[in-house]
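Here the protein sequences line up with chains A and B, keeping their order. Counting along the first sequence from 1, when you hit position 235 you're at 257 in the working numbering, and nothing is skipped either side. Counting along the second sequence from 1, when you hit position 18 you're at 40 in the working numbering, and nothing is skipped either side.
Errors might be hidden in some of the hints.
SDA-like, lysine to any residue: derived pairs with alpha carbons at most 20 Å apart [as the list claims (entries may be wrong)]:
#1 Lys119(B) to Val349(A)
#2 Lys108(B) to Val349(A)
#3 Lys423(B) to Val411(B)
No wet-lab data here; the hints were simulated from the structure.
2 protein chains.
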Amino acid sequence: MTKSTIIKVLVSTLFFLVFLLYLFMRSFPASQKMEMHVPAQTHRLAPVPVSPRPCTCPPGSVQLKDQIPEDQFDKVYQRRKEEFEKWKKRTSSELSKLLLAPPNSPLQYPIQGFTVPPLRRCPIPGLKLYTGEQSRYKVILNVRNGLLSADASLFTGEVIVKGDGKAEITVESSSLKFLNAVLASVSYQSSFYHVHTADLASFSFENHEAQFPIIIRQPQLPVLFDMGADISSQVSITIKTFLRYDNLKVLLSSIRRFYPNITVIIADDSIEPEKITGENIQQYIMPPAQGWFAGRNLAVSQVTTKYFLWVDDDFIFSQSTKIEKMVEVMEAVPELDVVGGSVQGNTFHFSLEYDKGDETEGGCLYRKSHGRFHALPGYPQCYLTSGVVNFFLARTDCIQKSRFDPLLKRVAHSEFFMDGLGSLMVASCSHVSIGHQPKKNSNQYNNFRKQTGSEQAFKYQLHFFKNNLKCIKFG
Amino acid sequence: MTKSTIIKVLVSTLFFLVFLLYLFMRSFPASQKMEMHVPAQTHRLAPVPVSPRPCTCPPGSVQLKDQIPEDQFDKVYQRRKEEFEKWKKRTSSELSKLLLAPPNSPLQYPIQGFTVPPLRRCPIPGLKLYTGEQSRYKVILNVRNGLLSADASLFTGEVIVKGDGKAEITVESSSLKFLNAVLASVSYQSSFYHVHTADLASFSFENHEAQFPIIIRQPQLPVLFDMGADISSQVSITIKTFLRYDNLKVLLSSIRRFYPNITVIIADDSIEPEKITGENIQQYIMPPAQGWFAGRNLAVSQVTTKYFLWVDDDFIFSQSTKIEKMVEVMEAVPELDVVGGSVQGNTFHFSLEYDKGDETEGGCLYRKSHGRFHALPGYPQCYLTSGVVNFFLARTDCIQKSRFDPLLKRVAHSEFFMDGLGSLMVASCSHVSIGHQPKKNSNQYNNFRKQTGSEQAFKYQLHFFKNNLKCIKFG
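So here's chain A without its partners, still in its complex pose (with noise of 0.2 Å):
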């Protein structure tokens, strides 16, 4: 053939590839350059941010390590620091660590939402390889608590899988397809039982590896609360009375002109107890002096219904007490652990303003009089905060959340809201409203009431060693 043919043959041949050039590079996924420069490991898991810098002490705050005794202080230090080591090993959970996913990785995985129960085995959704031709195709799934099945059966001869049974599987094969066909088949079985950890898996294929995590969760029962039909099955009223008889008889009077029928639960460590009788009415008699936050422990630990409603024994009922209105709220929004209401016209609600600081020197507690947070949809009187007044509606199994620690003795309240931040949900209302007895002087009952300076020591001290806190400040 002439020169011009060959011409024309190479010409065209030479138009052909560029433009068969010009496919790729259009089709060339750009992600692909930069991932060659990208080491897998970089995507591996990275490492849980350290404990953060000591927080800092606002200017008003009172230094709780001054209040332990110098010659205890040592003991004391050391002991809180292996109950804050034991608390931490509860608390936290291979699903604390931060986990991303690498990019222009072939694979796909679950990364939330994988729960299994302890010791059971279970499917694990979404495995698969999407790569295209090539001769052989190999994924490597490894776990650290647990073993890897998969089922290929259906594959004999296709599919090759090694270490059935075992915490690191390797599904090998010449087709993509029968591959992931086993990949789908693969489950995994936590060796130990727990009710709730977490395994983290490691799925790999060449040089893309990518981790998940497993969450091992045993169901819980619910447990759920009967609302009955009104509210004397909704709701029961708890009180902690300490010498005050005539406060409380007053108090007892009022509810039962609103509220004939409903419970009434009585805390009494008065030193010597006098008989308080009635319908529904509950005394519970303690050691004398036992404290305030023993009585109100005990009084909530007697609740059958789903809310209690906190009073103190120097509150009075009057037209605007609704507690209707409180449990609407509540049952409005489930999430709410506590709504609270006003006493004679004060909401009296802070916010707490946390920083843990450094772990061992303890955190930064601030507790801010009228703080809030914003108002509840649908509910413009109410507002999201941390702690409320003496006054409130809480649900029953709140106390699962957060306790009245019956080592307060005296004076506490915000105590318990300070045990549950975190845990609690609070709302507080201004549209019901209970009111407060007028004030009588008794010296006995001044006596024990008025907080002694080692009283506030202790209380110091307590929330030193408890909270795992450097320093309150009461704004």
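Place chain B on chain A using the hints.
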């Protein structure tokens, strides 16, 4: 120039192009070919698996609905449904949804561990685009319940940010380097206060979209107990008594033989209470016959030590009642909430098998006597299980996971562990035991103690409602 020269040029160009093409073919990511056929949306949020099929009651199960009086059934069933809906709302969040990581996405993003306090601005770690040369890059990030912001101040003119301070932000640039620098500055702030919830972020570039969770968590204040120096500062003994003062006195003196100072808390609902006195013995007087679990709840509510030891009023301490050994196990495995011992050589532990079934119909529960899981590492005498005998050491704050339901007045025990299923970590140990006093026959006591048919029916009605169950089998 001559044709031959042209041919040479063409041929060499041809070879060069073929070589170029070969290089591309090699570096070309097989995965990408496949990716073209995979529409991004198949990787979007996968639906939450719908409520499972009804569970099957094992033979010998009690059908709980048959225990509800027919005329009340519809109302009760409706109320249960409503309470269960609220319970679901309280216990679930975006975190329960299944999410898959899309393959071959050029995006890097956090899949786990990005936790922010409510209403606080926090930088999102790991956001990055891994893609190659192109004239312009544009990524979009959006959230549902928060605001996003980015700092492009150093790149004015180079990077365009749209929607700063809004729920959707767009970052655009002709420089990948600058774009990623701005992505590294992107921060999230929740719009609502909540102690524990989640937001869902969507991150996209061209046809690639990835979704990842943002956990919103108010940091919790730790609540630690001071172990002090000796067993008396670590454990309190809790007892519920009714009429059997002779038994109680035998128990108390046996306790004092081995533990002279340990605090003993007694909840007493006897018809005619007798005063019980003694160093570190606290007696609480309840309304007459208030009930078994009410008394247990009362006693535990008064505990100020890290642990409490539960004993019945007709038990008796012996040489082998070594509380220290139980404390040792608890301290070695901080996740444990309850450690049971043996009563006269019997551990009486049981496991609970729970299938939540169809949520409106209810779940199936099987209490398997002698059921247990595996031994505790390092403690071959201790096995993990779901419930234990009446003699156990428990963390005082385990009551924040399960309550002794005061509605259970007479025969009750497993109910505490049922309500705590999925929350309580329970172990049964055979190396610590307590004795049982010889049974006496008091008619008055037996009249109260023995369970009447109506009480049995009430318990089944309670399980039906409270635990949203269809049936229970006691094996």
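Tested hints:
Proximity of Lys119(B) to Val349(A) is assessed by CA-CA distance (about 31 Å); at most 20 Å being required, the pair is judged violated. Among the hinted pairs, Lys108(B) with Val349(A) is consistent with the structure: their alpha-carbon atoms are about 14 Å apart, no more than 20 Å. The hinted pair formed by Lys423(B) and Val411(B) meets the criterion: a straight-line CA distance of about 18 Å does not exceed 20 Å.
Hint compliance for this structure: hint 1 alone is broken.
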